[in-house]
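K.L.:
Spelled out, the chains give:
Protein chains: 2
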Amino acid sequence: MILYDFEKAPNARRVRWFLAEKGITVETRQVDLLGGENIGPEYLAMNPRGLIPTLKLDDGTVIDESVSICRYFEELHPEPNLLGRDAKEKAVIDCWQRRAELDGLYSAALAFRNSTPVFANRAVPGCAEPTEQLPVLVERGVMLTRRFFNLLDTRLGETEYVAGDRFTIADITAFVALNFARWIKLSPDEKHTNIARWFEAVSARPASRA
Amino acid sequence: MILYDFEKAPNARRVRWFLAEKGITVETRQVDLLGGENIGPEYLAMNPRGLIPTLKLDDGTVIDESVSICRYFEELHPEPNLLGRDAKEKAVIDCWQRRAELDGLYSAALAFRNSTPVFANRAVPGCAEPTEQLPVLVERGVMLTRRFFNLLDTRLGETEYVAGDRFTIADITAFVALNFARWIKLSPDEKHTNIARWFEAVSARPASRA
Chain A
691 MILYDFEKAP NARRVRWFLA EKGITVETRQ VDLLGGENIG PEYLAMNPRG
741 LIPTLKLDDG TVIDESVSIC RYFEELHPEP NLLGRDAKEK AVIDCWQRRA
791 ELDGLYSAAL AFRNSTPVFA NRAVPGCAEP TEQLPVLVER GVMLTRRFFN
841 LLDTRLGETE YVAGDRFTIA DITAFVALNF ARWIKLSPDE KHTNIARWFE
891 AVSARPASRA
Chain B
691 MILYDFEKAP NARRVRWFLA EKGITVETRQ VDLLGGENIG PEYLAMNPRG
741 LIPTLKLDDG TVIDESVSIC RYFEELHPEP NLLGRDAKEK AVIDCWQRRA
791 ELDGLYSAAL AFRNSTPVFA NRAVPGCAEP TEQLPVLVER GVMLTRRFFN
841 LLDTRLGETE YVAGDRFTIA DITAFVALNF ARWIKLSPDE KHTNIARWFE
891 AVSARPASRA
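Sequence lines, in order, name chains A and B. Each number in the working numbering corresponds to the 1-based position in the first sequence with 690 added. Each number in the working numbering corresponds to the 1-based position in the second sequence with 690 added.
The set of hints was computed from the structure by calculation and includes no laboratory data. One or more hints might be untrue.
[Unchecked claim] Each computed SDA-like pair below joins lysine to any residue, with the alpha-carbon atoms no more than 20 Å apart:
| id | chain 1 | residue 1 | chain 2 | residue 2 |
| --- | --- | --- | --- | --- |
| 1 | B | Lys780 | A | Glu765 |
| 2 | B | Lys698 | B | Thr718 |
| 3 | A | Lys746 | A | Glu717 |
| 4 | B | Lys778 | A | Lys875 |
| 5 | A | Lys778 | B | Leu693 |
| 6 | A | Lys778 | B | Lys746 |
| 7 | A | Lys875 | A | Tyr796 |
| 8 | A | Lys746 | B | Ala777 |
| 9 | A | Lys778 | B | Lys698 |
| 10 | B | Lys778 | A | Glu717 |
| 11 | A | Lys778 | B | Lys778 |
| 12 | A | Lys875 | A | Glu890 |
| 13 | A | Lys746 | A | Pro770 |
| 14 | B | Lys780 | A | Lys875 |
| 15 | A | Lys778 | B | Asp749 |
Note that the coordinates shown come from a computational prediction; the quantities given were computed from them, not determined experimentally.
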């Protein structure tokens, strides 16, 4: 199998981190996302959605959603468990993973993709059709990212990690979201002391540098 | 447990359909999404994200992502299986579920929320902060929905159902996305014959009327 990767891409980092927590090594191929290689004819022939990361299995199956790639490896390498063990834990981890992704990571991405010059006419990730940047979406992305900071800080005042009392995929997504937000000069406020405590603990994990 | 529901909401329909496929009955409470009850103080005290559907467990745990709610019930009631049985199937179903959701349902929602008068200043689902409608996002949502139609039709030319040779959660999401797109007068083209074949087959399922 091959993992199509781009070192700087937040979504690609999520998958690399997940694999590193499990001690899994996969053959990777770098795709130049900044240069638009992901929406070039060769890559689109492999994956019409143009997304990175993408896992291509030996039988040709293409899995191009970060969480779905993680789910594949969780099934093959169950330990350490990062997606939950019983019905409630699986649902809660999945839910927090999605909150961190949809409210956090995608909001930061909205602001980033609509403001960074290299993504002019590529405001929608993976979309080969030209999509212009809309300054009003930067403002919206910033507002929604700040809203996520508040949600996350409240949560981390109640639990040690994002989805409960242990490290899971929800922490990976939330951490990557926060790190991505820095690219648009957006950080939690001084008042977000719970985030600060958690961020330091998660930063110390060796796999965070994958 | 209580399922907070709104009969007309596409996301709520996904969960009701999933439950109906499994023959599960849950106590529900209707929340008036059109009237803004979901971003009123009472509902936000229960769920600060203001989203519907939301499942509240007896211990107070709040699960407010449709797919996470489905995952919870899949674990408790494994048959009929709708999320996959082995690593590859789980990953492929999850991936197609997400494609249908992110590329299909969310794109239709982008166009719908930015154009429907009742959602003036509520363009972002669940967001209590006023968010104005942006006409340019209607155009973008329509473009992305059409892009999804092409992706889906190509897929359904290769497989009987969205994620493979049997009905899964990916069919529910894709079907609800297509149905939602009709609200903004958007339907697959004549050329999308694979979608037409599949749509008719899936429509015939009794649970589709849940």
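K.L.:
Are the hints correct? Go through all of them and say.
P.N.:
Evaluation of the provided hints:
1. Lys780(B) <-> Glu765(A): Since the Cα atoms of Lys780(B) and Glu765(A) sit roughly 9 Å apart, the hinted pair holds (cutoff 20 Å).
2. Lys698(B) <-> Thr718(B): 14 Å, holds
3. Lys746(A) <-> Glu717(A): Roughly 10 Å between the alpha carbons, so the hint for Lys746(A) and Glu717(A) holds.
4. Lys778(B) <-> Lys875(A): 39 Å, violated
5. Lys778(A) <-> Leu693(B): Status holds; Cα separation ~15 Å.
6. Lys778(A) <-> Lys746(B): 11 Å, holds
7. Lys875(A) <-> Tyr796(A): 16 Å, holds
8. Lys746(A) <-> Ala777(B): Holds: Lys746(A) and Ala777(B) sit about 14 Å apart, inside 20 Å.
9. Lys778(A) <-> Lys698(B): Cα-Cα ~27 Å, so violated.
10. Lys778(B) <-> Glu717(A): 18 Å, holds
11. Lys778(A) <-> Lys778(B): 23 Å, violated
12. Lys875(A) <-> Glu890(A): The hint holds at about 19 Å.
13. Lys746(A) <-> Pro770(A): 23 Å, violated
14. Lys780(B) <-> Lys875(A): Violated, because 37 Å separates the two Cα atoms, which is more than 20 Å.
15. Lys778(A) <-> Asp749(B): It holds: about 11 Å lies between the C-alpha atoms, which stays within 20 Å.
Hint violations for this structure: numbers 4, 9, 11, 13 and 14, all remaining hints satisfied.
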